[in-house]
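So the protein sequences, as listed, match chains L and X.
Following the UniProt record's numbering, the numbering of the first sequence begins with 1 at its first residue and continues without gaps.
Following the UniProt record's numbering, the numbering of the second sequence begins with 1 at its first residue and continues without gaps.
Note that these hints are calculated values from the structure, not bench results.
There could be a bad hint or two in this list.
Derived Cβ-Cβ restraints for the label pairs, each shown as a range [claimed, not checked]:
no., chain 1, residue 1, chain 2, residue 2, range
1, X, 167, L, 67, 56 to 62 angstroms
2, L, 255, X, 605, 33 to 39 angstroms
3, L, 354, X, 537, 47 to 53 angstroms
4, L, 360, X, 581, 38 to 44 angstroms
5, L, 77, X, 167, 53 to 59 angstroms
6, L, 354, X, 343, 38 to 44 angstroms
7, L, 255, X, 343, 49 to 55 angstroms
8, L, 5, X, 303, 50 to 56 angstroms
Heads up, incomplete: computed chain X residues facing chain L, CB under 10 angstroms, no partners named [stated by the list, open to error]:
no., residue
9, 53
10, 156
11, 157
12, 340
13, 506
14, 580
15, 586
16, 595
Incomplete in silico selection of chain X near chain L, CB under 8 angstroms [what the hints assert, rightly or not]:
no., residue
17, 42
18, 45
19, 48
20, 52
21, 334
22, 336
23, 491
24, 504
25, 553
26, 590
27, 593
28, 594
29, 596
A virtual CB, placed ideally from N, CA and C, is assigned to each residue, including glycine.
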Amino acid sequence: MKEVKFKIDGRECTALKGQNLIEAAKANGIFIPTLCYFKHLNPLGSCRICTVKNNGRPIAGCTLTIDEGMDIEVNSAELLDLRKAILEMMFVEGNHFCPSCEKSGDCEMQNLGYETGIRYARFPHLFVDRVVDARPERIVVNQNRCIKCKRCIEEIETNDGHKVFNFTNRGNQTMVSVDYEQEAKLSEQQAEHAMRICPTGSILVKGKSFGKPFGDRQYDFAKADTNIPLTDLKKHIKKDKKKKRVATTSLAGCFGCHMSMLDIDLGLFDLVDIVEFDKSPLTDFKKFDERCDIGLIEGGCCNTDNIEVLRKFRKHCDILISVGECAIWGGVPAIRNTLPLEDCLKEAYLDSLTSEENETVIPNHEDIPKILDKVYCNHEVVKIDYHIPGCPPNANHIWNVVKNILFEEDYSITYPEFKYD
Amino acid sequence: MIPNNHITQRTNLVNVLWDIQKKRRFINKDDIAKIANEFDISKTELEGIISFYHFFHFKDAGKYTIYLNCSTISKLHNYHEVKKAFEDELGIKMGNTTKDKMFGLFKTSCIGLSDQETAALINYYPFTNLTAEKARTVVSKIREGQSLQSICDFPKDNIQYKPKDEKKTIFFKPFKMGEGLEQLKDLSPEDVIKMVEDSKLSGRGGAFFPTGVKWKFCRNNASDQKYIICNADEGEPGTFKDRVLLNTYPELLIEGMAIAGYAVGATEGYIYLRAEYKYLKDRIDNAIEKFKNAKLLGKEILGIENFNFNVKVFMGAGAYVCGEETALIASMEGKRGEPTTKEYFPVEKGYLGKPTVVNNVETLCAVPRILEIGLKNYLSIGTESTPGTKLLSVSGDCTKPGVYEIEWGMKLRDFLSLIGAKDPHMILFNGFAGECLSMVDFDREISGENLLSEQIQFQFKDPIEYAYKMSGVGLRSGGSFMVFNKSRSIISILKNVTDFFVAESCGICVPCRTGNFLLSRKIDKIKLGHGNKADMEEIQEWSHIIKQSSRCGLGKTSTNCLLTAMLKFPEEFEKLTQNESNFNGSFNINKATHNYDTIIQEIESTYD
Chain L
1 MKEVKFKIDG
11 RECTALKGQN
21 LIEAAKANGI
31 FIPTLCYFKH
41 LNPLGSCRIC
51 TVKNNGRPIA
61 GCTLTIDEGM
71 DIEVNSAELL
81 DLRKAILEMM
91 FVEGNHFCPS
101 CEKSGDCEMQ
111 NLGYETGIRY
121 ARFPHLFVDR
131 VVDARPERIV
141 VNQNRCIKCK
151 RCIEEIETND
161 GHKVFNFTNR
171 GNQTMVSVDY
181 EQEAKLSEQQ
191 AEHAMRICPT
201 GSILVKGKSF
211 GKPFGDRQYD
221 FAKADTNIPL
231 TDLKKHIKKD
241 KKKKRVATTS
251 LAGCFGCHMS
261 MLDIDLGLFD
271 LVDIVEFDKS
281 PLTDFKKFDE
291 RCDIGLIEGG
301 CCNTDNIEVL
311 RKFRKHCDIL
321 ISVGECAIWG
331 GVPAIRNTLP
341 LEDCLKEAYL
351 DSLTSEENET
361 VIPNHEDIPK
371 ILDKVYCNHE
381 VVKIDYHIPG
391 CPPNANHIWN
401 VVKNILFEED
411 YSITYPEFKY
421 D
Chain X
1 MIPNNHITQR
11 TNLVNVLWDI
21 QKKRRFINKD
31 DIAKIANEFD
41 ISKTELEGII
51 SFYHFFHFKD
61 AGKYTIYLNC
71 STISKLHNYH
81 EVKKAFEDEL
91 GIKMGNTTKD
101 KMFGLFKTSC
111 IGLSDQETAA
121 LINYYPFTNL
131 TAEKARTVVS
141 KIREGQSLQS
151 ICDFPKDNIQ
161 YKPKDEKKTI
171 FFKPFKMGEG
181 LEQLKDLSPE
191 DVIKMVEDSK
201 LSGRGGAFFP
211 TGVKWKFCRN
221 NASDQKYIIC
231 NADEGEPGTF
241 KDRVLLNTYP
251 ELLIEGMAIA
261 GYAVGATEGY
271 IYLRAEYKYL
281 KDRIDNAIEK
291 FKNAKLLGKE
301 ILGIENFNFN
311 VKVFMGAGAY
321 VCGEETALIA
331 SMEGKRGEPT
341 TKEYFPVEKG
351 YLGKPTVVNN
361 VETLCAVPRI
371 LEIGLKNYLS
381 IGTESTPGTK
391 LLSVSGDCTK
401 PGVYEIEWGM
411 KLRDFLSLIG
421 AKDPHMILFN
431 GFAGECLSMV
441 DFDREISGEN
451 LLSEQIQFQF
461 KDPIEYAYKM
471 SGVGLRSGGS
481 FMVFNKSRSI
491 ISILKNVTDF
501 FVAESCGICV
511 PCRTGNFLLS
521 RKIDKIKLGH
531 GNKADMEEIQ
541 EWSHIIKQSS
551 RCGLGKTSTN
561 CLLTAMLKFP
571 EEFEKLTQNE
581 SNFNGSFNIN
591 KATHNYDTII
601 QEIESTYD
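One chain only, chain X, in its complex shape (with noise of 0.2 angstroms):
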């Protein structure tokens, strides 16, 4: 059963259990044994490993595996009438797979469509705009034996806006392949990264790490071998604007990858591609073989000497975690994509030990536009610790959802009436792991400017104090931009935020693995109306524990939402919460003797 072209190394795992996922829909018993052996592990060891990601089964997941998105945007418009359609059609209930083993329903974490919910991946090709009677007929379809490829939608780019005049626009205007490796030229590694470094291009995923300094380190660490990897593992709910680019110009990345190499002294690329994204595959393969064909990848690229590069694309398998650069890598070396500890960062020791840069896509994209509009014409774009533009994915309650390139520095306020954002009460403002706006915050502009540490933010208690100090505070954001309206309850999308971080914590860590799971049950009390004062004061306490003492940026960054909300609507709590009582709310009698009554029913129901 496993293929041969393998070697046994164990960088290839991962795809050996994807061959078989594939072919098989999961992996059994014997095949754990004979991969375990193959690759010399404990068959414990590759069980870790297998359980860690979403897409790899144990149990059979259906000759068609139907994955729904289970987001708070999918839930904004018709999850529930979809996941219903799915399991009346199917006769399964969500998570199981139906007999015949045609058909298997899984729930899945933001799959990177936000612009075009409700949407599911059915054998990782997309279904997007679903609603009840398209999701029976799909289903029908596929009974009919008609291929998913001729039904299923490929995903719209929707690139609804960038800047007006084309020479202030980075990403979005046409890109002729070797422009910015031509430049390498007459230009030594060393000038790369400084102006790289001028540029101030940072981290665009949403650490907004200066890419210059990261490059730098790289460089000046000696080893015989070094990598750079893009990291494409958008997991970030909300966050669709990868996906955008490497549909419309996977050249650009793979050219920045290149001139990464170069300034680095790195010979291999990775492409780390979420599984969501298998349908982008092809095309990003294509665009590799392009370049290899024009000799702009390979051996002594444009005959710069001792300039080797190449490009590969590695498939992740499910796990919003790997989305951190070392759990990204703990994930390509075929182990669970656990973080480390930061003893030594990827540009000290990375990918298999060696010194490895991992960047943002959309980051490695902006480099070869640099290189191909100059220095000075990219500073004079956006603001001044920002410049350049920014893509941000928008989705939720606006007229045009999609993905905006807007040049650093523009007003919240402006923007919200650029995207048709109608009666905007909340925003989820980069992401589950970012913050929640309201209106104190719509003179805010979206830069990088006079930025505040996250525990100033947290202590303005008055919102016209709040609103008149932050005015000038700048906002950052990776990339994802939710806004809801004021009939949306805002206590159900910090449910599905915080449920988000109990499913995707990688499970080393008490607070990050336990703590979450005691704020989701905390939330659900105050969802009741059992909670009160307390709680709140609770939620608050607990929430400063999980960021203080977890193990990475996962747990540190999961209650930013909540708290911000609790900060900015403390009405929609107040308005669930009850007054002190002697006597707690949330315990019901009846609640608790059903179990009791009703084996004693089933025990009498026999006497008779």
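Looking at chain L on its own, in the form it has when it is part of the complex (with noise of 0.2 angstroms):
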């Protein structure tokens, strides 16, 4: 085969005539993300990661093959945003509780999520009911972490060749169908090939835990001391100045973004100098006594009061910034989200393995909070301004951003610092 010349980003390659972009490019040192694309089979172009633009044209990457003169496009700040887009459609499509999944931690939908950078998706999340199949012989096909890559698809056959996996329905009520009888013929190897060529953790083998324990990756050994300082508020102190106000509250959240908020330990002394708390957890004021510059709000709303206490908040700040996941999507207590709430009521009150039958109510009182149809993210409920994404956002991040905002410093977070599983 001949070699030829091509272009990336404007740089010079080399590969051979016909050869497929995404091994080409890595050949020459670029790296194209895809979540479908794999070595021997033949390009699905279904996941759309790989876009990228051939002379000036927007194209699956991987189903490219090289030729000379090429002009390829990867890394433009549009194909970027594009790239992420696209994630973050799969993100809202499904239900991807990272800090549930088995494979998290070793995931590529994941790990993607983190090289991208994806904070915040601009979609909002679908939360539709979906199924985890336990029936199989071997192993447990968890739609809601379905992407719809194909892969399990095209790859996996039992050695009469029949297909196991392939979808049904169309349109967005596309799904991966698994085939007992023939799921049932595949040998331990087999399933576990299935699992492993799974971009993320919809296919998983029975009483197979995975290689990479939770928290082993480039993510989690992000040094601490690279976060930046808070000794440097002193500067903002100014005796005929008004200390700046800030409120916070946690709505339908666990309180680990406020435990997070602590964790500046020292830094609280400098920075009561500067800021002075209002209504908060922290200083156990239950009402607002002035007008606040920033409102902190952890968690979503899954009650009345919720709702009440977020637009308070909304009427007596200036800036509301959603902290944490729950606050910015859900999160956590959203699970429930792709239930109907009686199911979720009984669940909780009457069919729970400590109650007893006839002994328990869902309770209600005109005094207690009603609980919402779903877990609502807080800008659907009210104009956010900023959100901080982590689970929970680190306290660095927290107050520094907070710093940002009230003080206008600039300040920019790199991807491996955040967390959000």
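Now that you have both chains on their own, put them together as the hints suggest.
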């Protein structure tokens, strides 16, 4: 085969004519992310993450073969954002609760989330009820996590050449169905292969744990001392000026974000010199005294009290910030969003392990808040000015963002410092 | 249950499924097990195929299955009252089957009868111009035991216009079988291809790929077997010109296919007929029979050495995306009708891996005419880059809906007066995947002259500047022309368009599968008056994402109407959007607590 010259982002590259772009780029030291491309499979072009521009036209990189003089654009601002958008769309389409996923830490999709620097999905989460099917012999298929990349459909066959997985339905009802009869014919090895090629935690083999444990990735080794210290806060102390006022609250959250706020430890002493706290669990003030510069909201809205508090915060604060995943899109409490409210209440109060028949009731009284039909994220209810992602966000992130907004200082966070799971 | 006359060849799978669906009214678990076994595929793979097609059912669809068209033109007419009439009369809701399994009522995307809406198919027999009363009568006649054949309305052709000068008419004039084929005696395949290339004939389904070039590619790919496929899966909402051509001149089509076969060296032809046009199958089969009897199909046609050609009809099963050529081929091969990644074009590796030409009905029908009237005469009709005539399917707010054969180059303004458009406000041009036109476009001409790339069109912001700059820019359409007057809600029409793409997306790629669904929810928000400026910006941004990253033409074009409508009717959106507020208007606390209140009420009532 002939060696040809082509360009990636203006850089001269060489590859064999007819070579796949993903491979050719890799050989030239350029990484093009993808979730469906798999070495020996025919390019599927299903995940669209590898979208590049060939002579100005957008196309899936995995479906391109190298030819002389090609001019490929991979890492332009537009394409980087496009890739992020596609990934965000996958996150909102399924129900990806990383903290409760077996594959967290060894998940191609999660890695790519960090890689592309997703901090916040521009699309609303859809919370569609999806099946977790444990009926197959060896594997469990969790539809919540499936991104329909088609890898398993193309790759996994029984020894006699039958497909184990296939798409059923179409449009946004499309799902990967598993054939029980064929699945039972798979060897342990074949089943594990299916689990490995799945870019998410959608295909799991019963009784098999994952090679890489939680928290064993580059993101967990980000050095703590790279975080910006708070000691330079002192320069903002001006006797003649009023201290800035901050209010905080926890709605449907676990108070973990508040614990994280306290994690700045001694920095707190510096902080109180320039900031005054209004209504907040930190001060235990129940009511607003004055108008505040910033309101920090942890957690989303699951009942009418949350709504009332959130609206009050909006009324009394100039700037409102959602802190943490629950505030941003619902987070862990939103796991219930795929189920009818009635089922949730029954499970919690009537049919739980500790409840006795006819002894427990679903509580209701005019004094207790009503439960909403689903957990709403804060910006669905009021206007939110900023989001600080993380579960919980790092203490320094929170305070540096607040500082940045209050005193108009530049501050940026690099992606390895984020941690969602 | 499985008919023995079917060979267990994958290409026969859709036929087998059709036989069972027709006989039993659904495909049950036992059928699936048997068929999967017979075709040696897994049950899940088979279920994947069945569930892909709209007209195959897993549950009993009733002895009489009613498919009511829910497209936007149907809704301009009597859709809502007809739906209610059917529901009341049968005592079921849309999407269900009566208890006695006599009737099933389902909605379906455009069925190619936009000139006689509201329309429905009952066991694939057409019923047109429905009213509530007519719907009730139809049901009672069926209950009385009258045959569907006797009570259905065979659709009118509604050919409203052709060029006054017969010399300028290409399609709608008498046709003598074999006249085009006769000329092949003096022409080599290369001559035919050259002629088609010089005629500048291009794909009339709407993609306008040069036909001659496609044929040349196919001819140059050496293979023991090649195929000609006629794409009669006319699924673009508002298009029905192929229906009229198939009904009036199927002979013209067959001859066009035979000529194409001669040119590229193919010996087998298939007409992929959409299931919605099943009532035309007999007409086409008869025409094929006539050709065979006249020895104009078969071996050594007209004594020309090595000119062997046969035509068969293949029935689709209800999927818009199968109009995309690679999806169509996948469907014929007995797979899910998913488009391929275009690693190979069909002219390289098409049906069963062999070089294949896929052409639209209208394209193939034009070929014998070019041979008949001669290239020189053909080129004298129409415009420089688009010679000849074009068929347009007109529907909506006009006095004369139907099919129009116009010479390329007609001004849009003149065309609107020709069809008797009453106070035209918005036009959906080239179907749901096309473009939204408004008054600023009325001075443009319907032709392929001075075409601009899409990006430039979207950039014009000022209407006066737009009208001025666009007046010389041509407009090409595969055939759909839907016109709406000022009384129609543009946002409702756009909602229908977006929902159509949600339903018809094949589901492989996330931008099309989920992106369109997200847009549909966004439009709902705006329709309810809860949208603001940020929502409008998001629609544009998200549409751009879908356009850039979708896997096939369906996703790439699905937001065209929405984007062009936003460009041309900003006032329609502005009147629905609110000013930015600190409190989100779309959140309604009463709605959010409604479920809880109901649950508590139920509990309390059991205490009493």
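Structure versus earlier hints, numbers of those that do not hold, lowest first: 1, 6, 10, 11, 21, 23, 25, 26
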